[in-house]
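**Q** Single-letter residue listing:
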Amino acid sequence: MWTTALLLLPLAGALVVAILPLPRESTAGLAFLVALGEVALWIAAAGRFDFDDGGLQLGTTREWVESLGISYSVGFYGFSLWLAGATVIVFAAAIGYGMWVGRDRSRAYHALMLFLLGAVVATFAAQDLLLFYVSFEAMLIPLYVLVGVWGGERRQAATVTFVIYTMAGSLLMLASVVAFGVTQGTFSLTESGTSDNVWIFLGFAIAFAVKAPLFPFHGWLPLAYREAPVEVAAVLSAIVSKTAIYGFLRIGIPKFPEPADDLSGLILVLACAGLVYGSLLAFRAPDLRGVIAYSSMAQMSLITIGVFAFDDLGLDGAVLQSVAHAFVSASMFLLVGMVERRCGTSDIDALGGMARGRPSLATVVLVAGMIALAVPGSATFAGEFLIMAGAYQQGWGYSVVVALGIVLAAMYTLRVISAILHVKPGRAVRDEALDLRPGELALVLPLLLLLLGLSVWPALVSESAFAASTLAELLP
Amino acid sequence: MIAGAWVCLLSPLAGAVAITLAGGRISRRTAGWISTLTTFVAFGGALIAFFGLWGEGHGDREHISTAYTWLESGDFEVEFQILVDTLSSTMMLIVSGVGGLIVWYSMGYLAGDDEERRYFAYMSLFVFSMLLLVQAGNFLLLLAGWGLVGLASYLLIGFWHHKPEAVAAAKKAFVMNAIGDATLALGLVLLVWETGTLEYLGVFEDLDSLSTTTVNLVAVGLLGGAVAKSAQIPLHTWLPDAMEGPTPVSALIHAATMVTAGVYLLVRASPVFEAAPDVQHLAAILGAITLLVAGVVALVQWDIKRVIAYSTMSQIGYMFVAAGIGAYGYALFHLMTHAFFKALLFMSAGVVIHHLGGEQDIRRMGGLRSVMPRTHLAFLVGGLSLAGIPIFAGFWSKDGIVAAAFASGDTLGYTLWVAGLVGALLTGAYTFRLYFTVFRGEPSELVTAQAHEGHGEGPLSMLIPVGVLSVLATIGGLVVIPGVWEPFLHWIDETAEPLVMASVAEDYGTSAIAVTLALIGAGLAHRAFRSQRQVITNPRIWHVLEHKLYFDELYDALFYRPSASVSNALRRNIEEPVVERSLDEIGSGTIQVGGEVGRVQSGLLRTYAVAIAFSVAVLVVVFVAVR
Chain A
1175 MWTTALLLLP
1185 LAGALVVAIL
1195 PLPRESTAGL
1205 AFLVALGEVA
1215 LWIAAAGRFD
1225 FDDGGLQLGT
1235 TREWVESLGI
1245 SYSVGFYGFS
1255 LWLAGATVIV
1265 FAAAIGYGMW
1275 VGRDRSRAYH
1285 ALMLFLLGAV
1295 VATFAAQDLL
1305 LFYVSFEAML
1315 IPLYVLVGVW
1325 GGERRQAATV
1335 TFVIYTMAGS
1345 LLMLASVVAF
1355 GVTQGTFSLT
1365 ESGTSDNVWI
1375 FLGFAIAFAV
1385 KAPLFPFHGW
1395 LPLAYREAPV
1405 EVAAVLSAIV
1415 SKTAIYGFLR
1425 IGIPKFPEPA
1435 DDLSGLILVL
1445 ACAGLVYGSL
1455 LAFRAPDLRG
1465 VIAYSSMAQM
1475 SLITIGVFAF
1485 DDLGLDGAVL
1495 QSVAHAFVSA
1505 SMFLLVGMVE
1515 RRCGTSDIDA
1525 LGGMARGRPS
1535 LATVVLVAGM
1545 IALAVPGSAT
1555 FAGEFLIMAG
1565 AYQQGWGYSV
1575 VVALGIVLAA
1585 MYTLRVISAI
1595 LHVKPGRAVR
1605 DEALDLRPGE
1615 LALVLPLLLL
1625 LLGLSVWPAL
1635 VSESAFAAST
1645 LAELLP
Chain B
-14 MIAGAWVCLL
-4 SPLAGAVAIT
6 LAGGRISRRT
16 AGWISTLTTF
26 VAFGGALIAF
36 FGLWGEGHGD
46 REHISTAYTW
56 LESGDFEVEF
66 QILVDTLSST
76 MMLIVSGVGG
86 LIVWYSMGYL
96 AGDDEERRYF
106 AYMSLFVFSM
116 LLLVQAGNFL
126 LLLAGWGLVG
136 LASYLLIGFW
146 HHKPEAVAAA
156 KKAFVMNAIG
166 DATLALGLVL
176 LVWETGTLEY
186 LGVFEDLDSL
196 STTTVNLVAV
206 GLLGGAVAKS
216 AQIPLHTWLP
226 DAMEGPTPVS
236 ALIHAATMVT
246 AGVYLLVRAS
256 PVFEAAPDVQ
266 HLAAILGAIT
276 LLVAGVVALV
286 QWDIKRVIAY
296 STMSQIGYMF
306 VAAGIGAYGY
316 ALFHLMTHAF
326 FKALLFMSAG
336 VVIHHLGGEQ
346 DIRRMGGLRS
356 VMPRTHLAFL
366 VGGLSLAGIP
376 IFAGFWSKDG
386 IVAAAFASGD
396 TLGYTLWVAG
406 LVGALLTGAY
416 TFRLYFTVFR
426 GEPSELVTAQ
436 AHEGHGEGPL
446 SMLIPVGVLS
456 VLATIGGLVV
466 IPGVWEPFLH
476 WIDETAEPLV
486 MASVAEDYGT
496 SAIAVTLALI
506 GAGLAHRAFR
516 SQRQVITNPR
526 IWHVLEHKLY
536 FDELYDALFY
546 RPSASVSNAL
556 RRNIEEPVVE
566 RSLDEIGSGT
576 IQVGGEVGRV
586 QSGLLRTYAV
596 AIAFSVAVLV
606 VVFVAVR
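Protein sequences appear in the order of chains A and B. Residue numbers for the first sequence follow our numbering, so the first one is 1175 and each next one is one higher. Residue numbers for the second sequence follow our numbering, so the first one is -14 and each next one is one higher.
Just so you know, the hints here were simulated from the structure itself, not pulled from any lab data. Incorrect hints may appear among the rest.
[Said to hold, decoys possible] If we take Cβ atoms under 10 Å as the criterion, some of the chain A residues that face chain B in the derived model are: (1) Glu1199; (2) Gly1491; (3) Pro1550.
[Unchecked claim] Chain A residues, not near chain B, derived (Cβ > 12 Å throughout): (4) Thr1360; (5) Arg1458; (6) Leu1487.
All C-beta atoms, glycine included, are put in the ideal place defined by N, C-alpha and C.
Build out the structure end to end from the sequences listed, making use of the hints.
**A** Below, the structure written as structure tokens:
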């Protein structure tokens, strides 16, 4: 029941927003209310979730096409409930941002955002492979349109690249979904057994690798993150990327234990390469968005290392880091958006010196930045440490690469902080550029407070991510 | 007692939060008082904890208090817990006591700065983080404090963020320390796998079951963190640059407390290092190298704060030597007296800089004795203590370390002993070069000009802390009189049993030589000053030293430039042309073709639909067939 309500509320909201001929502000306000309602609903659902158990709960299953073994089956595990929680909160902030800047064609825009929210929640909740596939694909349609219509100057190129990459991934995944369902005789994730077919696994793995994105499947990332409206970029890097992690955790590893184990070396090496490659590119990217885009790629690689560590430390760390990175990445992108609105650019050369006279902006950027670079004591550090410890199971070299990632993260994040705040004002920074307004603070502060809360108590997520029975499926 | 320790830990945090939340609603002065008072409340808590322990029997002085489970995963748990024992309670006293004095002093020093509130919030954050570091009951919480002091240090070095040098210095300090954090974290990962816990006591119990290689690796990881935080060679280059921050920051963070965290770690984890004697000796050797190199470089610097900064590196080198040979009591003793006299030196230097309107170049100073008699006296006390002249605090602690090196015997011990003695000569020389140049001789032009316009010797809030520290730097070493009265050493012994103890004869013999050498050093400095020359006259050596042995240039060439050019090359040669552009062109090509034929949208969609259906069919067949 609860899960279904969480799916339906944003979808119904999308429909209402699209149909009702309200003026722009009212449409946006209505959409924001729906997003807040979704947060409230998630809190209520979480209140009914038994975190000590952590197994599949709040579920609903209805037969759909019995002869083909297709069902409407949804529900949450501990880890997917946390991912869904991050989703609803980040979307509330993103939709609030869209309202704050007053996106034009408001009905279409907000309907698409709400639809996207519903699709992401459905992806995290689906316990049927076809439902998962449909939700996974349903995320793409609003994203294409949101980037293609509301994006920056090169939005068309960005959209086309994004379409080609994700379509390729989708194709492979669809084939894998069908092949898996046919050989198993059912599409239900709870009822189907495991498969040792490497090719089917690869179909899923590549689709997830494109979505995350992992090196070298990240070709769509720089353009999409640069050209998308900033709150869409926030959602992309904070939330949509995590569906790939969920895919590995719910399908890739438990359904294909042998192929996942066989190929874990390859995936770990690619993830390590992505961590270093993304960090190095972030270190020299010429614009704020570029830095955050590549840092997001590095972080997703890190989380993937945690997943394929095949160890409970790594898995718990991956979930903790997924939630923390969702908030970090969303607040960083929204902050970049706020800087862009003031300065008209995110070129690092043209910015600087914004700390003087703008105490709120300075404080918020510093806090977000410090958590982003995983200063010891923060939630992100707790996650990285667990991943680093878990990766040791697969080989000490992976732990060393994670440690290297910590140093590189310090380098590129400090560069961003200084580029915005320090030294003398850049040519794009004028005195008229004001400090953050209360409305903007109201969007970013909750995210940062959640991060600070998670830093005080990271065990909240890490200990309740997996039930013992779930872990048994995830560990070879 | 435990309650006192918790008050000690949380009071500065409350101060930082209160100042941050109050924002512009409180005056700058109020922010200063909040920060100062909460730090003194912490000192009160530390006193309660200390005397609580004092009243207990020998062997019972070890208490753990757990608040909640901070991080948990499977069987692995890290609790938010504090450990109160003789070592941590001593550190709590030093950190909150000296910290409180320095924060108080800041109120006078910073008066009038636009962003004083931000400054005091950072200072309180720092004191909290440092207390977390020393009170933590397990390695991961220590690492949390470790990282947070690094963060506070970054914020405070870059406090004047409009100055490019300050921002660059802050970033450099953070990255250098991040390297240390990373090696420390890797050491902890090994401990997690080998012992299943990160609690000090649990780890120390399990050490016997670890292989030699593992223990060595863990110790190297910890040492890496210690070397970075304590600015020892080879991770030392950030400390001199950190002098870009306000002077009280240099006193608090870059002399009295944070940079000694490495020494604390060496003592705290002494069972680990004793199980890995090679690594422990490596710590001593790095300390010895640093104490010599920094001592020589200090001889040629022109910036008053940089001279003191190099002297800090050098003195921490002594502490590393002590911890490396197992003279833990002396390591901590020197840590304490150093906190007194080095904070005093920085604060007196701060008064001078304050008076001269921000000037830090000693070539423009001179003859300040007549203008600032009280500051002169304070600086002289600090200098005598630093140079290890009897009865001043530094004499008792430093000579004890050098004597312990002799007592530990064999080649290493004797080498360290010689290094320590040469260091004493150097210390005398650079300290008194600084003293003579700044305070003696005829007043310089700048000094004359500022005599009437300057700030004088500062307000009471600056004078009182300087006075208190002057007293401590004079008599603070009397808690150890070798062979006669050694309560401090016995106090620490309970937590870290020393491996080596100098005999009374070794102690007094070494002291006699060290003091003689320090006086010779001072004499050299005086002769050079009288003859208007420098202690080092060879221009070529001078040049090399003035460039700090080219460490910065070396690291730039070895690490920064390669990584920058690698990432630039990746961007230009792979990311942009291969990954981004290729599809970009396909994409725009598709749109163009589509547009010409006049079926942009529908055409594309239909093509995709057909392509999807076809390829899926093929793939399904392939997947099911090939298995």
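**Q** Looking at A:Thr1360 again, its CB stays over 12 Å from all of chain B?
**A** Nearest chain B Cβ is 16 Å from A:Thr1360, so the label holds.
**Q** Taking the closest pair, is the beta carbon of A:Leu1487 still more than 12 Å from chain B?
**A** 5 Å, violated
**Q** Double-check A:Pro1550 for me: the hint is only fine if its C-beta lies closer than 10 Å to a C-beta in chain B.
**A** With a minimum Cβ separation of about 2 Å from chain B (threshold 10 Å), the hint on A:Pro1550 holds.
**Q** Go through the hint on A:Gly1491 and say holds or violated, using the shortest Cβ distance to chain B against 10 Å.
**A** 7 Å, holds
**Q** Classify the label on A:Arg1458 as holds or violated, using whether its beta-carbon is more than 12 Å from each beta-carbon of chain B.
**A** 4 Å, violated
**Q** Quick one, is the A:Glu1199 hint okay against chain B at 10 Å, beta carbons?
**A** 30 Å, violated
This entry does not satisfy hints 1, 5, 6, going by the numbered hints stated previously.
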